[in-house]
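Undergrad: Can you build the whole structure from these sequences, using the hints too?
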Amino acid sequence: MLTEYIQAAMRQAHYEIMEDGRFFGKIPACPGCWADGDTVEACRSELQDALESWIVVGLRHGDSFAVIEGIDLNPQPIYAEAD
1 MLTEYIQAAM RQAHYEIMED GRFFGKIPAC PGCWADGDTV EACRSELQDA LESWIVVGLR
61 HGDSFAVIEG IDLNPQPIYA EAD
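For what it's worth, our numbering labels the leading residue of the sequence shown as 1, then goes sequentially.
A few of these clues could be false.
[What the hints assert, rightly or not] DEER-style ranges, computed between Cβ atoms:
id, residue 1, residue 2, range
1, Met1, Gly21, 16 to 26 Å
2, Val57, Gln7, 13 to 23 Å
3, Ser53, Arg22, 49 to 59 Å
4, Ser53, Glu19, 18 to 28 Å
5, Met1, Arg22, 27 to 37 Å
6, Arg11, Ser64, 14 to 24 Å
7, Thr39, Ile78, 36 to 46 Å
8, Glu4, Asp63, 14 to 24 Å
9, Met10, Ser64, 11 to 21 Å
10, Gly62, Asp38, 29 to 39 Å
11, Ile17, Ile78, 44 to 54 Å
12, Arg60, Glu16, 42 to 52 Å
Note that these hints are calculated values from the structure, not bench results. Computed from a predicted structure; not experimentally measured. For glycine and all other residues, C-beta sits at the position ideal for the given N, C-alpha and C.
TA: Structural data, given as structure tokens:
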């Protein structure tokens, strides 16, 4: 599920060229997750690394995650069975 979430998020990434000629990428559904690089390929690789770290930190802190392409990383409540 985690791999599918990362792949889905990366499909939603937006890239632009900055004034200095470097590339900037972000994933709108993942606030604060961004990267830059000398080429769009380098930017994409850095963005995926940033996304993976962003997810790990979010899980550790109990953050909520956007549901992306139907994939939900948010913990689901566990209900005890009634006796």
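Undergrad: Now, for every hint given, state plainly whether the structure supports it.
TA: Checked hints:
For Met1 and Gly21, the hinted distance range of 16 to 26 Å is not satisfied, since their beta carbons lie about 37 Å from each other. The supplied range of 13 to 23 Å is met by Val57 and Gln7, whose beta-carbon atoms lie about 20 Å from each other. For Ser53 and Arg22, the hinted distance range of 49 to 59 Å is not satisfied, since their beta carbons lie about 20 Å from each other. Evaluation of the 18 to 28 Å hint for Ser53 and Glu19 yields a pass: the beta carbon distance comes to about 27 Å.
The hint said 27 to 37 Å for the Cβ distance between Met1 and Arg22, and at roughly 33 Å that hint holds. The given range of 14 to 24 Å is respected by Arg11 and Ser64, whose C-beta atoms sit roughly 21 Å from each other. Checking the proposed 36 to 46 Å range against Thr39 and Ile78 shows it holds: the Cβ atoms sit about 45 Å from each other. For Glu4 and Asp63, the hinted distance range of 14 to 24 Å is satisfied, since their beta carbons lie about 19 Å from each other.
As the Cβ distance of Met10 to Ser64 is approximately 20 Å, the hint placing it in 11 to 21 Å holds. Under the hint 29 to 39 Å, the C-beta atoms of Gly62 and Asp38, about 36 Å apart, fit the expected range. Look at Ile17 against Ile78: about 47 Å separates their beta carbons, and that is inside 44 to 54 Å. Checked against the hint of 42 to 52 Å, the pair Arg60 and Glu16 fails, with Cβ atoms roughly 30 Å apart.
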